[in-house]
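**Q** Take the given structure of chain L and dock chain U to it, following the hints.
The listed protein sequences derive, respectively, from chains L and U. Be aware that the first sequence starts at 23, since it is given in my numbering, and climbs by one per residue. Be aware that the second sequence starts at 23, since it is given in my numbering, and climbs by one per residue.
One or more of the hints may lead you astray.
Given that identical chains are not distinguished, each listed pair holds provided it fits within a single copy or across any two copies.
Derived DMTMM-like pairs: lysine to aspartate or glutamate, alpha-carbon spacing no greater than 20 Å straight-line [to be verified]: (1) 67 x 80; (2) 266 x 326; (3) 266 x 164; (4) 79 x 45.
Derived from the structure by calculation, the hints contain no laboratory data.
Number of protein chains: 2
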Amino acid sequence: MANWVRHTKPSFVSEVLEFARQDDVISFAGGQTLDVRLCMTEETKEAYETVLNESAKDILRYSQSEGEEELRRAIATVLTEEWCPTHKDDVVVTNGSQQALDLIAKAFLRPGDVIAIESPTGLGAISAFTPYHPLFVAVPCDEEGMLVSHLEQVLRQHRPRFVYLMSTFHNPTGRTMGLERRKRIVGLCKAAGVPIVEHNSYEGLGFHEHSLPTLRSLSDEVIYVGSLSKTLSPGLRIGWIVGKGPVREAVKLGIQATCQGISVLNQRAAAKLLLHPNYKAHVGSLVAAYAERMDALLQAVRTELPEGCTWRSPAGGPNLWLRLPEGVSALDLLSLSMEKNTVFLPGRPFYIEEHPESEQTLRLNVTNASSERIMEGIARMGESLRQLLGVPHPVLTRS
Amino acid sequence: MANWVRHTKPSFVSEVLEFARQDDVISFAGGQTLDVRLCMTEETKEAYETVLNESAKDILRYSQSEGEEELRRAIATVLTEEWCPTHKDDVVVTNGSQQALDLIAKAFLRPGDVIAIESPTGLGAISAFTPYHPLFVAVPCDEEGMLVSHLEQVLRQHRPRFVYLMSTFHNPTGRTMGLERRKRIVGLCKAAGVPIVEHNSYEGLGFHEHSLPTLRSLSDEVIYVGSLSKTLSPGLRIGWIVGKGPVREAVKLGIQATCQGISVLNQRAAAKLLLHPNYKAHVGSLVAAYAERMDALLQAVRTELPEGCTWRSPAGGPNLWLRLPEGVSALDLLSLSMEKNTVFLPGRPFYIEEHPESEQTLRLNVTNASSERIMEGIARMGESLRQLLGVPHPVLTRS
Numbered sequence: 023m024a025n026w027v028r029h030t031k032p033s034f035v036s037e038v039l040e041f042a043r044q045d046d047v048i049s050f051a052g053g054q055t056l057d058v059r060l061c062m063t064e065e066t067k068e069a070y071e072t073v074l075n076e077s078a079k080d081i082l083r084y085s086q087s088e089g090e091e092e093l094r095r096a097i098a099t100v101l102t103e104e105w106c107p108t109h110k111d112d113v114v115v116t117n118g119s120q121q122a123l124d125l126i127a128k129a130f131l132r133p134g135d136v137i138a139i140e141s142p143t144g145l146g147a148i149s150a151f152t153p154y155h156p157l158f159v160a161v162p163c164d165e166e167g168m169l170v171s172h173l174e175q176v177l178r179q180h181r182p183r184f185v186y187l188m189s190t191f192h193n194p195t196g197r198t199m200g201l202e203r204r205k206r207i208v209g210l211c212k213a214a215g216v217p218i219v220e221h222n223s224y225e226g227l228g229f230h231e232h233s234l235p236t237l238r239s240l241s242d243e244v245i246y247v248g249s250l251s252k253t254l255s256p257g258l259r260i261g262w263i264v265g266k267g268p269v270r271e272a273v274k275l276g277i278q279a280t281c282q283g284i285s286v287l288n289q290r291a292a293a294k295l296l297l298h299p300n301y302k303a304h305v306g307s308l309v310a311a312y313a314e315r316m317d318a319l320l321q322a323v324r325t326e327l328p329e330g331c332t333w334r335s336p337a338g339g340p341n342l343w344l345r346l347p348e349g350v351s352a353l354d355l356l357s358l359s360m361e362k363n364t365v366f367l368p369g370r371p372f373y374i375e376e377h378p379e380s381e382q383t384l385r386l387n388v389t390n391a392s393s394e395r396i397m398e399g400i401a402r403m404g405e406s407l408r409q410l411l412g413v414p415h416p417v418l419t420r421s
Numbered sequence: 023m024a025n026w027v028r029h030t031k032p033s034f035v036s037e038v039l040e041f042a043r044q045d046d047v048i049s050f051a052g053g054q055t056l057d058v059r060l061c062m063t064e065e066t067k068e069a070y071e072t073v074l075n076e077s078a079k080d081i082l083r084y085s086q087s088e089g090e091e092e093l094r095r096a097i098a099t100v101l102t103e104e105w106c107p108t109h110k111d112d113v114v115v116t117n118g119s120q121q122a123l124d125l126i127a128k129a130f131l132r133p134g135d136v137i138a139i140e141s142p143t144g145l146g147a148i149s150a151f152t153p154y155h156p157l158f159v160a161v162p163c164d165e166e167g168m169l170v171s172h173l174e175q176v177l178r179q180h181r182p183r184f185v186y187l188m189s190t191f192h193n194p195t196g197r198t199m200g201l202e203r204r205k206r207i208v209g210l211c212k213a214a215g216v217p218i219v220e221h222n223s224y225e226g227l228g229f230h231e232h233s234l235p236t237l238r239s240l241s242d243e244v245i246y247v248g249s250l251s252k253t254l255s256p257g258l259r260i261g262w263i264v265g266k267g268p269v270r271e272a273v274k275l276g277i278q279a280t281c282q283g284i285s286v287l288n289q290r291a292a293a294k295l296l297l298h299p300n301y302k303a304h305v306g307s308l309v310a311a312y313a314e315r316m317d318a319l320l321q322a323v324r325t326e327l328p329e330g331c332t333w334r335s336p337a338g339g340p341n342l343w344l345r346l347p348e349g350v351s352a353l354d355l356l357s358l359s360m361e362k363n364t365v366f367l368p369g370r371p372f373y374i375e376e377h378p379e380s381e382q383t384l385r386l387n388v389t390n391a392s393s394e395r396i397m398e399g400i401a402r403m404g405e406s407l408r409q410l411l412g413v414p415h416p417v418l419t420r421s
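So that you can see chain L by itself, here it is in the shape it has in the complex (with noise of 0.2 Å):
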C-alpha cells in the first residue's frame, strides 16, 4: 500500500459521525446531511423531473470534461452576482468540493513540495492533499486569518506550491477575513508568483447584509473553490474550480484520469435550482436558520458552560470554535458527553501540526438541530465539562 494509506489511522472521525447518525444523539458534529427540512427538497425532485423529461438521452450519455456548458453558465451568472466576476468558461465542475481539491493536488504537486496552510483548518482538505505527500508549512493566524508577515516569510522561506485558505465564515474556527487583510495577502503571493486555493464552501450563509469580496475577485490568479453541498445538498455532488486557463486544462486531464467527467443528470438538475425562482429565498431562510441557531447556540454556551470557556461569534457558517479551559481536554469531554449522547467534534483533527490549543479546542456546528436541541445538547456538555473540572453545578449549588 501507499505510505499515506500506511499512515491514516483508522478514522476517529468516522467513527464519531457514525454514533452521531443515531436518532437519539444531540449532534454538533455536522459532516452529513443538510437538515432535510432547510433543503429545496420539492424543488429538487423537480428539477430532476424536468431533466428527464426534457432528454432521457442526456442523461446516459458522459459529460464534458470541463462541465456541461448550462451549468458553468449558472454557476458563473450565481458568482458573478454575488461574489466574483466570472465568465462560464473559467468554470470546471467536480464532483463536490472534495474533487476540486484532489484534482488541484493532483495539477500542482510533486511530491515533497510545500503547501502553506492554516491550522487548524477543513478535514477535507487534509484528506485530498496527504496522499500526494506534500509538506504542511502552517501560517500562523489571528482572528481574521493568516498573518501577513508570517505568511511572507513563509513564502520567501518555503517556495510553497500554493497557499490554501478559507477566506469567509472559516471551517472549523468559523471566522471571516477583512478587507484590508484580504488586499494584502492577494497581493504578496501575486508578487512572488504562488497561487493562492480560496475554498468558501459557507460562501452565501453570512448573517449581516454585506458580504466581503473573495481574493479571487481582487486577482485572476486566484483559484476559488466552491460547492453546492452546504447551500442546496451533498447529494447534488456538485462543485467547482474557477481559475485560469492553465489551472483549468490541467484539471480538465484530471477529471478525465478520474473519473471522466461528472453525472450529466445531476449537473442539469443543479443548473436548475441555482437559476430556480425560489433559490434565493431558500439561501436567505437557510440563513435565517443557522442565525437563529447560531444566536441559541451562543446563548447556551454563555448560560451552560462554566468560567474558562472562550470562543468568538462567526459572521456566518454553522460552526463555532471553542476553547475549554486550560488542562481540560476535548477528548476526555467527548467521552463524557456520549455518554450523554451528544457528540462534535475535537479540535485535534483539524491541525496539520502539534499545536498548543489542539487537544482544548472543539467544532461546535449547527447544521443538524434544533435550538431546543442546541440548548439541551450545550447543557448536557455543560454537566460533562463540570464533571471534569470537579465543580459543582451552579443552579444544584444555589438550590
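**A** Positioned in the frame of chain L, the structure of chain U alone reads:
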C-alpha cells in the same frame, strides 16, 4: 504544475473524438455515448423516477463511502450469477471504472513503483495511472494476453506493485484469455504475492453462449474492476471494485479523500436497473446488435481493404484490432480518412512503450454505427488505404 501535467500533450484522442461527434461522420472511434437506441432509455428514466418518489430525502444526502448497500447487493447478485461469487461487502462503488483505476493507483503506488501491464492497453488505465509516476513494464502478449514465461520474468525482475490486465474482450485488441492461461497467471501472481487488477468493462458482451471464469473467481487476491458504462450507460457514472479487506479499506479512504461518496440517486437508479426484469433481455439485444455489427465489420474489412491487412475476430465486445500492411502508418490513414469524414483511433496512444507495431495498428469500434454505415465507412477507409499504397481500386481496375 506536476510532471504528469507538463508531459501530457494536447490530447490527440480528444481531437479525434470531438471530430467524431459530427452527425455526418462515420465513427469507429468509440469512447463516446452508447448507441441510445441500444440503451434501456425508458427503464432508466423510470428507475430515476422511482427513486425520486420513494425517498426524496435520499437524494439530498452523502452516500456511504463504500457505496449504497442496495447497489452493492445488486452488483454482487449479477456478478455471482454470471462471473464470480461475490458478497456485497466485497464491493466498493466508484464513479465509473475510471475512478476505480484512479483509486487503486492511489491506494497502491509510491512514485517509481512498477506496474506490469499489457501493451497495447486501455487509454483509461494509462491516464489513470500516469499521474502517480509509475514505471510501466510491458509484458509481451500473444493472442490470449500476457505470456506466462515473460510475466514470470517481469515479476521476478521488477517486483511490480500490481499486474493490470483485461482478461475478457480486451480493449483495444478484442482478445480473450483462455482458461489454462487464466489459471497459470493467477497461480504465478499468487505465488509471487503480487495482486492482479482485472478490468473487464465488456464482461457480458460475448457473442457465444459459454463464458470463462474471471481471474477473480479463481483467487480472492485478484482485484476485479467493472462498470455499467458498457452495458447500461456511461451516464450512470457507476463502476466498482471487488477486493479483499485491506484493498477495500484503502479504496474507501480514497473515496473520502477524492469525492466524499458517489451520488446516491445514481446508485439507487443503477441498482433498480441491474435487477430490472428487462435487464437480461437488454444485455441480450445489445450482444445481438454488436454481433451483427461485428459481422458486418468483418465482412467489410475482408472485402473493402486491400491485401496485407490482418486482424483477429473477437469473441465479444465492440472492438476489432487491425494491422495495416508493412510501411503504412495508421496516422497517415487517419488523416486521409478524416477528409472522407471517417474516423478511428490509431494504435499509438494505446501503447505504453515504443513498439514495432504501434504505428501500424488501429482500433475499429462498432458502438456508434449501424451495419450500413460500417460498410460505407470501411469502403472509404479502403479507398484511403489504396491511395496510400498506390494501389488502384480493384473494381475501377476491373471495369
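**Q** Honestly, which of those hints from before does the structure not fit?
**A** When the structure is compared with the hints, numbers 2 and 3 turn out to be violated.
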